[in-house]
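Those protein sequences? They're chains F and H, same order as listed.
Just so we're aligned: 189 in the working numbering is position 189 of the first sequence, and the numbers increase by one with no gaps anywhere.
Just so we're aligned: 160 in the working numbering is position 160 of the second sequence, and the numbers increase by one with no gaps anywhere.
Note that these hints are calculated values from the structure, not bench results.
Here the structure is a predicted model, which means the values were calculated and not measured.
Hints may be right or wrong, so weigh each one.
As the list claims (entries may be wrong) - Computed Cβ-Cβ distance ranges for the label pairs, DEER-style:
#1 H:29 <-> F:188: 35 to 41 Å
#2 F:109 <-> H:81: 23 to 29 Å
#3 F:166 <-> H:255: 57 to 63 Å
#4 H:258 <-> F:193: 45 to 51 Å
#5 H:128 <-> F:141: 47 to 53 Å
#6 F:185 <-> H:148: 26 to 32 Å
#7 H:136 <-> F:166: 31 to 37 Å
Stated by the list, open to error - Partial chain F-side listing against chain H, Cβ under 7 Å, derived:
#8 106
#9 108
#10 172
#11 175
#12 177
#13 179
#14 180
#15 183
#16 194
#17 197
Each residue gets a CB set at the ideal place from its N, CA and C atoms; glycine is no exception.
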Amino acid sequence: MNGRVETWSRLKGDPAGVAGLLIVGVFLLLAAGVWAGVLGQGWADASGGRWESPGAEHWFGTNVLGQDIFERSVYSVRTAFEIGLVVAVLSTLLGAALGALSGWYARTWVDGTVMWLKGVLDAIPFYLFVAAVAYALQGRPWAMHLAMVATFWTTTGRLVRAEVLKLRGQDFVRAARTIGLSDARILLRHVLPNTSHILLVQGTLALVAAIKTEVILSFLGLGVQDGVSWGLMLAESTQEVPAGHFANFAAASGMLFALLMGFNLLADALQDAMDPRQASL
Amino acid sequence: MSATVLSVRKLSVFLRDGRAEQTVVDGVSFDLAAGEVLALVGESGCGKSKTAEAIMGLLPSGLARLEADEIRLGDVNLARLGAEAMRRVRGRDLSMVFQEPMTALDPVFRVGNQLTTPFRRHRGQSRRDASNSAEAMLRRLGMPDPDRVMRRYPHELSGGMRQRVLLAMAMACRPQVLIADEPTTALDVTTQAQVLEDLVRLGQEAGTAVLLITHDLGVVAHYADRALVMQRGRIVEEAGVGDLFRAPTHDYSRALIAAARGLSG
Numbered sequence: 001m002n003g004r005v006e007t008w009s010r011l012k013g014d015p016a017g018v019a020g021l022l023i024v025g026v027f028l029l030l031a032a033g034v035w036a037g038v039l040g041q042g043w044a045d046a047s048g049g050r051w052e053s054p055g056a057e058h059w060f061g062t063n064v065l066g067q068d069i070f071e072r073s074v075y076s077v078r079t080a081f082e083i084g085l086v087v088a089v090l091s092t093l094l095g096a097a098l099g100a101l102s103g104w105y106a107r108t109w110v111d112g113t114v115m116w117l118k119g120v121l122d123a124i125p126f127y128l129f130v131a132a133v134a135y136a137l138q139g140r141p142w143a144m145h146l147a148m149v150a151t152f153w154t155t156t157g158r159l160v161r162a163e164v165l166k167l168r169g170q171d172f173v174r175a176a177r178t179i180g181l182s183d184a185r186i187l188l189r190h191v192l193p194n195t196s197h198i199l200l201v202q203g204t205l206a207l208v209a210a211i212k213t214e215v216i217l218s219f220l221g222l223g224v225q226d227g228v229s230w231g232l233m234l235a236e237s238t239q240e241v242p243a244g245h246f247a248n249f250a251a252a253s254g255m256l257f258a259l260l261m262g263f264n265l266l267a268d269a270l271q272d273a274m275d276p277r278q279a280s281l
Numbered sequence: 001m002s003a004t005v006l007s008v009r010k011l012s013v014f015l016r017d018g019r020a021e022q023t024v025v026d027g028v029s030f031d032l033a034a035g036e037v038l039a040l041v042g043e044s045g046c047g048k049s050k051t052a053e054a055i056m057g058l059l060p061s062g063l064a065r066l067e068a069d070e071i072r073l074g075d076v077n078l079a080r081l082g083a084e085a086m087r088r089v090r091g092r093d094l095s096m097v098f099q100e101p102m103t104a105l106d107p108v109f110r111v112g113n114q115l116t117t118p119f120r121r122h123r124g125q126s127r128r129d130a131s132n133s134a135e136a137m138l139r140r141l142g143m144p145d146p147d148r149v150m151r152r153y154p155h156e157l158s159g160g161m162r163q164r165v166l167l168a169m170a171m172a173c174r175p176q177v178l179i180a181d182e183p184t185t186a187l188d189v190t191t192q193a194q195v196l197e198d199l200v201r202l203g204q205e206a207g208t209a210v211l212l213i214t215h216d217l218g219v220v221a222h223y224a225d226r227a228l229v230m231q232r233g234r235i236v237e238e239a240g241v242g243d244l245f246r247a248p249t250h251d252y253s254r255a256l257i258a259a260a261r262g263l264s265g
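The shape of chain H in the complex, shown without the other chains (with noise of 0.2 Å):
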């Protein structure tokens, strides 16, 4: 097994709720490891999003509060960072995919001045050097006319288009981690199989772990090499993907896939 790069311990994140605080995530740890495609699985609201939110350090502020023994990415204890230290390490360490790659794009600047930016910012190139990075990486990513992709405006461009310049952004810099929160939810079957083909390629050619937030057992059997279960905000089962489905401990784990065979028919 390979190096870890992302090691979280006692994760807990509360919300306040009015006077009173809730908890919706519970003293959650885990290791993901180079390479390593790690699924965090959970219906709505267990706390999959506010456990990636909280690692990226982008709760809101005023509202959430965050208590970890450590976040380590790589060297660095994420959890005792500050606020300008870590937007260092925002997109050039660590980055992240969102769910609906509708919105995720500023609609008034064009592609290509969207997507150079991480080269810009965390590379120190030039604006010439930035689009040639960001059309090399479009290329990898299979886009066939990259120059003018670079010139659309996002509204020109489909979900799955848009959904892989997002992911050509979050991989520009080849992250030690991408959080990809339930990255193809808002696209059709196909198109979802192609992104998260590129995704995990990409992944690997870069060295990337990837933590893949889903509640798509799908997605899970294919993609993942190991799943976190969570629930309630705790996480109930961690398993490899073969050991999940063949022989799940949990009774949760073990009801969600049911409930996918079900459906599946």
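In isolation and in its complexed conformation, chain F is listed as follows (with noise of 0.2 Å):
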């Protein structure tokens, strides 16, 4: 049976990876929009009444300033894919990289410099990190992109580098050295592949985080500069909600927790979907 397949039907049987994957695509959706340029693009237009209530006009109302809250809530959809992408991306790639060249040189100098920084990294307060390094690179709206990324590498690198040296004495290593591949072949080829149920799901959960981190980050200020975000709103609600207006908090935290929810759902899911260790004989 084709390996994609059997993934997909067996993701499809899965009712939680099912809501976890409709929720994504609801998302992903909305995201989509918003860089079509059709969804969100008034989330700056302060044209409404002040704190107006939910209505046909204005769906979840509008803010302090007379800003519609749905279009700003829509609007930072795609703020936090974008941070969550790219913070992503990146983080799982240089875990699996630096993860995996520690493993297959284990108990040498690369192993060791690479540990040690991991572990001067994860010896640090992961929040007060992260806050340290965008605020000693305020304004500059990559800032918090470097400071994740330079954090959330190290869990998929010691997962990787973990399995790397389960892989690396295994035959069919072995197997790759006894028709001739190089080292850096067998490398890239036989045993990083092997490490991507790994990859996948650390991706996913880097994801999850980052958006995560991005609301905290924006909350403090030291966050999304030039946008809207989550986090931004939130903010502001703390202005509003002891006078009674709950429109921003609830869309902000709201949409956070849905989203949030989908992610971890669908993770779960294809974690078991994919690992090609528990495929069907």
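Got two chains here, separate frames each, mind docking them using the hints?
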């Protein structure tokens, strides 16, 4: 049976996986709509009245400045995906590369250096580190990305290292040597592909973590500078909730919750469906 | 007797054991002629596999050290070959089949993808040509539907099928020498016989000399021309298979044969 078809059929049989897929799909459509310039374009437009109630004109009502909360929360989907995807891809690639090197050359200076770096980064409380980098590079829009990539690769790196350590002693790696393949080729063509299930799950987790972290940093004023994000909306709502206006708070946290839930359900289901070693015989 | 293709002189392997070194292969010498099946027998831990790894140049670096006057394959002394040159020899002139067919194929790639690798690497064939060559190879091994086998993942094949795929990979470039390290120990008895017959037949067709490492004297009696008996890193007896079973000269050979007789009842 075809591997991809098999994965798909197993994913379809898992209700939680299907729910996750649907939720993430809806959010992807929203993000695509924003990118295409169809949705959320009026996020900065302050033409409404202050704190209007949800209604036909403003679906989620308006904020203190009279900006449409629905438009803002939809535009924030794009912000979230942009940061999430960039950080997930870069940190997973970095983790795979460093983890594979340190596993393949275990107990050499390469491994020592990578593990030392990982230890140092892991020893610093995560939000403190990200906040420090974001603060030090304030005003640069990629400061947040850099801070997250620099810390997110460590878990992936550790898992990949362990897997590579296990794989390099296996017969198919020895067999690859007996037909005369080079170390680099064996590592790239036979060892790394065998860590794909780790990379996929870690990538998804990094995506979720990045979206969450972006919201927190933006809430603290260290994140998104020129745009809108759920974090900025939540920061606004700290002034509004005491006055009895919950629309900003509900929209931002509701969207964030739904998206994170969707990703977690999907990642769990994908892990079960894609592991080649769980394939049916 | 036909020409010698592999000639090993005073091969020793030392394993690092803390500060000290342990001798696991101790001055082994033997010759292997084209088309011949030479069995290397002995109990576990006697140095059979380390001898094979030493010839292949696959001893774990840092852990093991090799000394040899000569490991001559054709005109080349492998003992003096650099890593890069050795890689070109491996899989082309010298190849190997392992004991455990279940783990010797990469689980994430289709069989065809892996089976075509030696054709592409050593013969420079295109993807399509390599695929045809691989199919022809499987057909010679008596696989009924090679095209279908090539599209399978390793976990979808039985142990015997996998071992035959590995055999096909090892024999892809008609090597001068094939080292088979307990190739059928992990298989059941009927499959064992088929795989060994394929191995011997393919070796004869290609003129490949086979170094068959085993602890199964039944296998030796059936398939080998000559046998080396190894004990604690040394070769204690070298004889034609008929002579070995009729009149073993060394005490250890006698003990081995007696033990095998005792088991088969």
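Inset, instruction - Using Cβ atoms only, decide whether residue 106 of chain F comes closer than 7 Å to chain H, and label the hint accordingly. - result: With a minimum Cβ separation of about 11 Å from chain H (threshold 7 Å), the hint on residue 106 of chain F is violated.
Legend entry - chain H contact restraint for residue 177 of chain F - C-beta distance below 7 Å: Check passed: Cβ of residue 177 of chain F comes within 6 Å of chain H, closer than 7 Å.
Inset, instruction - May I ask you to test the hint 57 to 63 Å on the CB atoms belonging to residue 166 of chain F and residue 255 of chain H? - result: This hint is violated: roughly 39 Å between Cβ atoms.
Legend entry - Cut-off 7 Å, beta-carbon criterion: hint that residue 194 of chain F touches chain H: Check passed: Cβ of residue 194 of chain F comes within 6 Å of chain H, closer than 7 Å.
Inset, instruction - With 26 to 32 Å as the target window, see if residue 185 of chain F and residue 148 of chain H comply at their CB atoms. - result: holds, 28 Å
Legend entry - Restraint outcome when residue 179 of chain F is required to lie within 7 Å of chain H by C-beta distance: holds, 3 Å
Inset, instruction - Grab the minimum C-beta distance from residue 180 of chain F to chain H and call the hint holds if it beats 7 Å, violated otherwise. - result: With a closest approach of 4 Å, the residue 180 of chain F hint holds.
Legend entry - Cut-off 7 Å, beta-carbon criterion: hint that residue 197 of chain F touches chain H: violated, 9 Å
Legend entry - Assessment of proposed distance window 23 to 29 Å (beta carbons of residue 109 of chain F, residue 81 of chain H): Hint holds: Cβ distance 27 Å, inside 23 to 29 Å.
Inset, instruction - Go through the hint on residue 183 of chain F and say holds or violated, using the shortest Cβ distance to chain H against 7 Å. - result: violated, 9 Å
Inset, instruction - Hold the hint about residue 175 of chain F up to the distance rule: shortest CB distance to chain H must be less than 7 Å. - result: holds, 5 Å
Inset, instruction - Under 7 Å, Cβ to Cβ, is where residue 172 of chain F needs to be relative to chain H, so tell me if that hint holds or is violated. - result: OK, holds: residue 172 of chain F within 7 Å of chain H, min 5 Å.
Hint compliance for this structure: hints 3, 8, 9, 15 and 17 are broken, all remaining hints hold.
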